[in-house]
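For reference, the chains in residue letters:
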Amino acid sequence: MTERKITVAVSGLNNTDNPGPGIPVIRGLREAASLDVRIIGIAYENLEPGAYMQELVDKVYLVPYPSQGTDLMMGRLLDIHSREKIDVLIPNFDAELLPLIKSADWLRNEGIHTFLPTMEQYEERLKSNLPEYGRNYGIMVPASRPVSSPSESLNACREMEGPFMVKGKFYDAYLAHGPEQVVEYFYKISAKWGLPVIIQQYIHGTEVNVVALGDGKGNTVGAVPMKKQYITDKGKAWGGIAISDPYLLELTRHLLSATKWRGGMELELIKTHDRKYYLVEINPRIPAWVYLAVGAGQNLPEALVHLALGLDFKPFDAFEVGKMFIRYSYDMIVDAERHQNFTMKGDM
Amino acid sequence: MNINLKPGLRISEQGTLFDPETGDSYTMNETGLQILRYLQEGLTPDQLYDRLSQEFNLNVEGFNRMMIDFKALLNSFQLLKHD
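Taken in order, these protein sequences are the chains called A and B.
Going by this note's numbering, the residue at position 333 of the first sequence is 333; the numbering climbs one at a time, nothing skipped.
Going by this note's numbering, the residue at position 49 of the second sequence is 1049; the numbering climbs one at a time, nothing skipped.
Just chain B, same shape as in the assembly (with noise of 0.2 Å):
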C-alpha cells in the first residue's frame, strides 16, 4: 500500500509537522515522524516494513494493518497528495 504524501510538508528538528498550503501545524509521537521521514526520502512499502520490522516488533499483518490506520490518519488531515 503506498502512502503519497502531499509536497512540501515540513518537519523541524523538534518534531512537528507543518503543512505550508493550509499553515496547520500537527505534532506526533516519535514513530509516526520516524515513519513520516521514511515517507519523505520515498520508502517503498516493502522497504519500510523493512525498517519498521528491524526497530519495532512487527510482523506483516500489524504492519499492513498500521499503515491502513496511518494513512486514515493522514487523509483526514488531508496531508496526502491530491490530485
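The shape of chain A in the complex, shown without the other chains (with noise of 0.2 Å):
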C-alpha cells in the first residue's frame, strides 16, 4: 500500500450498450492491494452511468466535449485539478486521447501524471494507417481504405471484396453487404464521428482481443488475450473468456516491444477458421473489458497508475486461463434532484 491517498481522475463512464473503461479501471484500481485512491470522476454528459455510483466514484466533474475547444477542456481539467490535486489521470475517452497526449507535458508541469503513448505510437496505429503498420510489423491486416466522400466508398468497394466494415475514426463499425450500405454507413458514421471513414475488407472467424500495458521501453507489463462470446449488436463483447493461445501473446510481446508502446493498448484481431489471424484495429487505450484482466489475476490498472508515478511495477508473467466476464446492466435509482443538481453545477 502507497504511504498517501492517490487521486485519480477517471473518464468513460459511460457504463452503456457501448461501455466506456471508466467503471472496471475504477474497480481495479479499488481492488488494488498497493494503492489507496481517491477516484475523480470525469463525465461528458450528465447521463453517464457511472457518474452515479457513488461506491466507486467519490466525486464527478461535468467536462465539456473536446470537439468544443481544447482550451475549454484543458481549462475544465486545471479546475478540477486546483480543486481535488489530481496525482493520475487515466482518459479512457478516444476523442480525448490526442489533446491529451499533445499536453502530457504540460499536464505534468501541473502535477497530473498520465502514462500515455506518445504521438507517433498514436498515429502509427490509427485505422487509416493500419495497412502500413501491418506491413512495418509483419501483421495480416484486412484490406482497407480511408474515405472522404460517397463516390470514394464505392471505389474503394470495387478495389476489395464484400463484404465490408464501415469504420468511423474513433467509434461505430457496421457490416455492409453491398456498396449501397456502405454508402449508407458511410452518411450516418461521418455525420457522427466526421472523417475519414474506414472502408475495410470483412473477415469471417472468430474475434478475439488482447489488452495489454507496456512499460515504454518496449517491455510487456501485462497481457491477457480474451474471445469474445456473445457479442452486440454493436459487436461489443458482452461475455467473453480469457484464453492461453500462444500467438497472441507472442504477437502482443513483438508490437510492444518494436513500438516501445507506453501505456494501455486493446489488439483486435480475427482468427479465421485455418488459424489465420488479421489485425482489424489497436485503439490506444485500455478496453471496457479490462475487469477481466483484474479478475485472471492482471490487474493492468494498478499497473498503468504506479508507471504514471514513476515507481516501478514487476511485469506479471501469468494470468489464470478460463476465467469469463459476463456483462450485465442494472437500474440504479437515483433522485431527479441530484440529477439536476449535477447538471446545474457541473459537479456531484
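Simulated from the structure, these hints should not be mistaken for lab results.
It cannot be assumed that every hint is accurate.
Restricting the straight-line Cα-Cα distance to at most 20 Å, the calculated cross-link-like pairs of lysine to aspartate or glutamate (DMTMM-like) are [as the list claims (entries may be wrong)]: (1) Lys1006(B) / Asp1019(B); (2) Lys323(A) / Asp1046(B); (3) Lys1006(B) / Glu320(A); (4) Lys271(A) / Asp1024(B); (5) Lys1071(B) / Asp274(A); (6) Lys1081(B) / Glu250(A).
Given two chains presented individually in distinct reference frames, assemble the corresponding complex, making use of the accompanying hints.
Below, the structure is given as C-alpha cells:
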C-alpha cells in the first residue's frame, strides 16, 4: 500500500451498451492492494451511469467535449485539479486522447501524471494507417481504405472483396453487404464522428482481443487475450473468456517491444478457421473489458497508476486461463434533484 | 494410428472438454471422454485397443475405423497438436 492517498481522475463513465472503460478501471483501482485511491470521475454527459455510482466514484465533474475546443477542456481539467489535486489522470474516451497526449508535458508540469502513448505511437496505429502498420510489423491486416466521400466509398468497394466493415475514426463499425449499404453507413458514421470513414474488407472468423500494458521501454507489463463469447448488435463483447493462445501473446510482446508502446492498449483480431490472424484495430487505451484481466490476476489499472507515478511495478508473468466475464445491465434509482444539481453545478 | 492431442486440453469432472487456447468447450459422450482420458495418459494405439476391446465389443477393424472417424472429428475441432 502506498503511504498516501492517490487521487486518480478517470473518464469513460458511460456504462451503456457501448461501454466506456472507466468503471472497470475504477473497480481495478479500488481492489488494488498496493493503492489507496480517491477517485474523481470525469463525465461528458450528465447521464453517464458511472457518475451516479457513489460506491465507486468519490466526486464527479462534468467536462466539455474535446470537440468544443481543447482550451475549454484543458481549462476545466485545470479547474478540477485546483480543487482536487489530481495525481494521475486515466483518460478512457478516444476523442480526448489526442489533446491529452499533446498536453502530457503541460499536465505533468501542473502535477497531473498520465501514462499515454507518444504522438508517433498514437498516429502509427490509426485505422487509416493500419495497412502500413501491418507491413511494418509483419502482421496481416484486412484490405482497408480511408474515404472522405460517397464516391470514394464506392471506389473502395471496387478495390476489395465484400462484405465490408464501415468504421468511424474513433467509434462505430457496421457490416455492409454491398456498396449501397456502404454509402448508407458512410453518411451515418461521418455525420457522427467526422471524416475519414474507413472501409475495411470483412474477415470471417472468431473475434479475439488482447488487453496489454507497455512500459514505454519495450517491455510488456501485462497482457491477457480474450475470446468474445457473446457479442451485442454494436459488436461489443457482453461475455468473454481469457484464453492462452500463444500466438496472441507472442504478437503482443512483439508489438510492444518493436514500438516501445507506452500505456494501455487493446488489439482486436480475427482468427480464421485455418488459424490465420488478421489485425483489425488497435485501441490506444485500456478497453472496457479490462476487469476480466483484473479477475484473471493482472490488475493492469493498478500497474498503470504505478508507472504513471514513476514507481516500479513488477511485470505480470501469468494469468488464470478460463476466467470469464459476463456483463449485465442494472437499474439505479436516482433522485431527479441529484441529476438536476449535477447538470446545473457541473459536479456531484 | 497415433492421435496427438493438443497440449493443455482440460477435461472437467462433469465431462466437459475445454480448450484453453481457443476458449471453446465441448460436451461428449462417456465413450468419447474415456478415449480422450486414455489419450491424455499417453496410451499407444495398441494399448488403447487392449483397453477398449475389454470394455466394448470391438474387433481390430472396428477399432481402426472408429479411430479414423474420431481423429477426423478432433481435427475438425482443431483439438489435435499442430506444428
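Out of the numbered hints, which ones does the structure contradict?
Number 2 - this is the single hint that the structure violates.
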